[in-house]
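Construct the entire structure; sequences and hints are all you get.
Taken in order, these protein sequences are the chains called U and Y.
If you count the first sequence from 1, you need to add 331 to reach the working numbering.
If you count the second sequence from 1, you need to add 1262 to reach the working numbering.
Among these hints, one or two may not hold up.
[Unchecked claim] Under 10 Å between C-beta atoms, here's a sample of chain Y residues computed to sit facing chain U:
id	residue
1	1310
2	1343
3	1353
4	1371
5	1376
6	1394
7	1396
8	1398
9	1400
10	1404
11	1405
12	1406
[Said to hold, decoys possible] With a Cα cut of at most 20 Å, we get these calculated PhoX-like pairs of lysine-lysine:
id	chain 1	residue 1	chain 2	residue 2
13	U	490	U	405
14	U	405	Y	1376
15	Y	1411	U	474
[Unchecked claim] Pairwise CB distance ranges (calculated):
id	chain 1	residue 1	chain 2	residue 2	range
16	U	443	Y	1307	28 to 36 Å
17	Y	1318	U	375	39 to 47 Å
18	Y	1318	U	347	28 to 36 Å
19	U	362	Y	1282	31 to 39 Å
20	U	498	Y	1353	51 to 59 Å
21	U	502	Y	1380	26 to 34 Å
22	U	411	Y	1293	53 to 61 Å
23	Y	1300	U	400	15 to 23 Å
Don't read these hints as lab results, they were simulated from the structure.
Ideal placement from N, C-alpha and C gives every residue a C-beta, glycine not left out.
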Amino acid sequence: MLYFKNLYSVSRSILVGMWITMRYFFRPRTIVTIQYPHATDEIPARHRGVHILETEKCIMCFQCEEACPVDCIKIEGVRGGMVEGAFQGKGALLTRFTVDYGLCIFCNWCVEPCPVDCIHLGPEYDLSSFSRFGVTRNLMTGKAYDEHDHAFVLGARDKIAAINEEAERVKREKAEAAKKKKAAAGEKTAE
Amino acid sequence: MSDDATNFLMDNVLVTSVDQFVGWARRSSVWPMTFGLACCAIEMMAAGAAKFDIDRFGSGPFRATPRQADLMIVAGTVTHKMAPRVRRLYDQMPEPKYVIAMGACVVKGGPYVKGGYHVVKGVDLIIPVDVYCPGCPPRPEALLEALFKIQQLTTKEKLFDRRRQGTKTQSVYRPLPGKMDPWQSDFVPGK
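Listed below in structure tokens is the structure:
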């Protein structure tokens, strides 16, 4: 008797278990697969992907560079003066604004301190490259940072140094002139 | 076989047709190795699951042994303790073999680049890498893009290429002395 009872309970449990699987045959059809290269998944609005930089808003305050926990952002540029081919920010000329995605962990720390809201994390995700150095992005052009960009940055460094030196010299001269004036005024009052 | 003879064979009409056929066959059956080291492996699994279905590109069978695998997806942080095992697994794979460096940790060190005393700063320090796929972690689509890049390499490949030139398409990173830490070193143009 126990034999038939076992037989019944085993076959019943198998049928119950299989029915849970079998139910999916009779449900209305839902396709979960996304045909990726032809169709893309919906990217959430707050997705943290490749940076988007609004260069014309950037004031070159270096806050994002300082906030970055892995030092993947590199900014170079100059305030005042003229460098051929540089990108115009707000009161600053930017020669380099790159993010090294081999280091970037998309933590959003560069977005938070920005006083003018010019850097964002965008919906793009594809960064794959054949080379270790191809994963660095030039955010101002939105393309990979290549040899030409690097040559331009290296060339611009001398110009930036010259412009900064000139600005410093003017500042120093002004300060000296002011000092002299003050000293002269002081002598006058002493007399 | 001498170089001249190999060159002749490579330009031979018969072999070029075979090249195309073999390239097509290899392209459509790149079998990756089951090899997850950290959180990037979760995205690798997601790429293998129904929504992104890596099986559509012939890379479904994740082999549990390096001897049956063509592609090594290094997914996750490679610690110094794991590095010899990674190298050994790579050596055990049969030619032609490909490597995807998946995730920021594997590309250049990622979040561990400054304080990580225990992390290899880029897996290309120990094995040659074909495609770099940064992200923290990269989306499954980004991994699929990296796979497409591997397929591009495979398609272009000649029949004798792998054995003759070995690591021509791959890059091994040899940092300059005194510049071991990649976040300190500046961009090096070219490869």
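Hint check results:
1. 1310: violated, 12 Å
2. 1343: With a closest approach of 22 Å, the residue 1343(Y) hint is violated.
3. 1353: violated, 21 Å
4. 1371: holds, 7 Å
5. 1376: Holds, because the Cβ-Cβ distance from residue 1376(Y) to chain U comes to roughly 6 Å (cut-off 10 Å).
6. 1394: This hint holds: residue 1394(Y) lies near chain U, its Cβ roughly 5 Å from the closest one there, short of 10 Å.
7. 1396: Hint holds; residue 1396(Y) Cβ to chain U Cβ min 4 Å, cut 10 Å.
8. 1398: Holds. Min distance 4 Å.
9. 1400: Holds, about 7 Å.
10. 1404: Holds, about 5 Å.
11. 1405: The hint holds - residue 1405(Y) has a Cβ within 10 Å of chain U, the shortest such distance being about 8 Å.
12. 1406: holds, 5 Å
13. 490(U) - 405(U): Holds, at roughly 18 Å.
14. 405(U) - 1376(Y): holds, 16 Å
15. 1411(Y) - 474(U): holds, 18 Å
16. 443(U) - 1307(Y): 28 to 36 Å: holds, 32 Å
17. 1318(Y) - 375(U): 39 to 47 Å: violated, 24 Å
18. 1318(Y) - 347(U): 28 to 36 Å: holds, 34 Å
19. 362(U) - 1282(Y): 31 to 39 Å: holds, 33 Å
20. 498(U) - 1353(Y): 51 to 59 Å: Because 58 Å falls inside the window, the suggested range holds.
21. 502(U) - 1380(Y): 26 to 34 Å: violated, 48 Å
22. 411(U) - 1293(Y): 53 to 61 Å: Between residue 411(U) and residue 1293(Y), where Cβ atoms are some 59 Å apart, the hint holds.
23. 1300(Y) - 400(U): 15 to 23 Å: Holds, at about 18 Å.
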